[in-house]
Amino acid sequence: MTGGGSRVYDLAAAHPVDWFDTVLEQSPDFERACQIIGRSTLGLGLIAGARIASLTPSPHSQSLTTVEFSIGSDPTARSVPLPEFRETIARYLLAPLASAGLGEDPDIEALQMHIGGRYMLEAALFSVRPIELRHDIGLSEITLEFNGVRHVLTLEDFRDVIDERVRAELGLGQQADEMAIDLALVDQAEQANANDNWGATVAILTPWLTPISMLLRSGEADELSEEVHARLSDGLDLLGTAYANIGDLDAANEVLRLGVQWAGESSKAADLFLALGRASVAGRKHGEAIGLLRRAIRLGGDEEVAMPLLAKSLAARDHALAAMVCLTRARELGADGEILGEIRPDLEARFGDAWSRFEAWMADPE
93 MTGGGSRVYD
103 LAAAHPVDWF
113 DTVLEQSPDF
123 ERACQIIGRS
133 TLGLGLIAGA
143 RIASLTPSPH
153 SQSLTTVEFS
163 IGSDPTARSV
173 PLPEFRETIA
183 RYLLAPLASA
193 GLGEDPDIEA
203 LQMHIGGRYM
213 LEAALFSVRP
223 IELRHDIGLS
233 EITLEFNGVR
243 HVLTLEDFRD
253 VIDERVRAEL
263 GLGQQADEMA
273 IDLALVDQAE
283 QANANDNWGA
293 TVAILTPWLT
303 PISMLLRSGE
313 ADELSEEVHA
323 RLSDGLDLLG
333 TAYANIGDLD
343 AANEVLRLGV
353 QWAGESSKAA
363 DLFLALGRAS
373 VAGRKHGEAI
383 GLLRRAIRLG
393 GDEEVAMPLL
403 AKSLAARDHA
413 LAAMVCLTRA
423 RELGADGEIL
433 GEIRPDLEAR
443 FGDAWSRFEA
453 WMADPE
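Here the numbering used here runs 92 ahead of the position in the sequence shown, where the first position is 1.
Read the hints as simulated data drawn from the structure, not as lab findings.
Even for Gly, the Cβ is constructed at its ideal location relative to N, Cα and C.
There's no promise every hint is true.
[Unchecked claim] Cβ-Cβ distance ranges computed for the label pairs, FRET-style: (1) F450 to I200: 21 to 27 Å; (2) N287 to P173: 33 to 39 Å; (3) D199 to R449: 43 to 49 Å; (4) V241 to L186: 21 to 27 Å; (5) P299 to P175: 21 to 27 Å; (6) E123 to R183: 22 to 28 Å; (7) S191 to G444: 53 to 59 Å.
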């Protein structure tokens with residue numbers, strides 16, 4: 093762990109890199125199972141808690157292979173076709189998983205529980221190597237390596253990426269080429285948002301979400317031209333903003349998180365983090381908003397927009413001094429006074445005349 097505002101933890105010891113190979117070494121039956129139902133299916137089944145009693149392969153089609161198994165706390169064995177077995181373990185693996193809190197000096201188990209034990213096992217199965225965890229107020233970020241390339245994702249985005257890979261491995265996703273992405277629609281969405289026609293933007297761009305997720309999952313996003321990549325980022329920003337303005341904040345968060353993942357460390361990422369932070373403030377998710385807005389500012393986002401929002405969230409979480417500093421910075425930048433006027437009286441009441449005396453002291457050249 094390192095000091096400072098953020099806490100950084102090395103994940104080398106928490107990453108169960110060889111767990112599946114260790115399982116395969118225990119019995120030749122596991123190797124045979126891999127040949128029949130596939131390495132990923134077997135590994136994901138074990139993570140889900142499935143206990144396979146027998147496999148009956150079909151010489152005609154893998155989908156006709158029969159799996160006899162029990163799962164979870166239910167000891168009852170049942171025999172189903174392989175596609176149904178995959179759907180069953182998917183329900184277990186894609187169920188929402190709460191994130192455990194992180195104490196001041198977490199051990200390996202605490203780090204795994206914060207990230208999600210099943211996600212660490214799945215990452216190892218998919219050759220994704222988590223390197224370090226950075227934890228700040230309202231935000232956890234994971235640095236990971238995949239195919240020799242390093243990425244930095246929020247914890248939520250990391251989980252989303254792994255979940256999408258699970259869907260793909262179990263055959264639950266659609267093929268990317270089944271749906272086309274027409275960049276001309278970005279122009280239409282820009283016009284719709286300019287006219288506050290949020291519903292039109294939602295109708296125009298929502299069908300993009302599946303193919304964009306597929307492009308990310310397959311790695312084909314890296315092969316797109318810079319111009320196409322940028323326009324797709326613009327589209328996700330427009331769609332997330334539209335969802336936020338019609339009050340569907342959960343959808344806005346989902347879209348903007350996909351946009352952040354898509355943008356990576358590009359200049360567009362700052363705008364997307366800012367939009368996501370704004371949506372979190374609107375949804376009163378102030379702890380989450382603090383981390384997102386700080387990230388937006390670090391990436392070069394518009395401080396005049398971000399600072400009032402950050403001040404509001406800090407004040408809501410009782411970080412009064414930090415909120416006052418952000419408020420003062422926002423005033424210096426000439427930020428919109430609506431949020432400033434909303435929270436400044438309460439902050440001034442908390443400090444009494446201490447803040448005005450501090451400002452006077454700071455302004456005194458002597």
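Query - C-beta pair V241, L186: status relative to the range 21 to 27 Å that was hinted - result: Given a distance of about 26 Å, which is inside 21 to 27 Å, the answer is holds.
Query raised in the report: Does 21 to 27 Å hold as the CB distance between F450 and I200, or does it fail?
Result: Violated, at about 44 Å.
Query raised in the report: Has the hinted range 33 to 39 Å been met by the Cβ atoms of N287 and P173?
Result: Violated, since N287 and P173 (Cβ atoms, about 51 Å apart) do not stay within the stated range.
Query raised in the report: Taking the beta carbons of S191 and G444, is their distance inside 53 to 59 Å?
Result: violated, 38 Å
Report task. Given the hint of 43 to 49 Å, check if D199 and R449 actually sit that far apart at their C-beta atoms. Result -> holds, 45 Å
Requested in this report: Could you tell me whether the CB distance from E123 to R183 stays inside 22 to 28 Å?
Outcome: holds, 27 Å
Report task. Check the following: the C-beta atoms of P299 and P175 are separated by a distance inside 21 to 27 Å. Result -> holds, 26 Å
Checked against the numbered hints listed earlier, the structure breaks hints 1, 2, 7; every other hint is satisfied.
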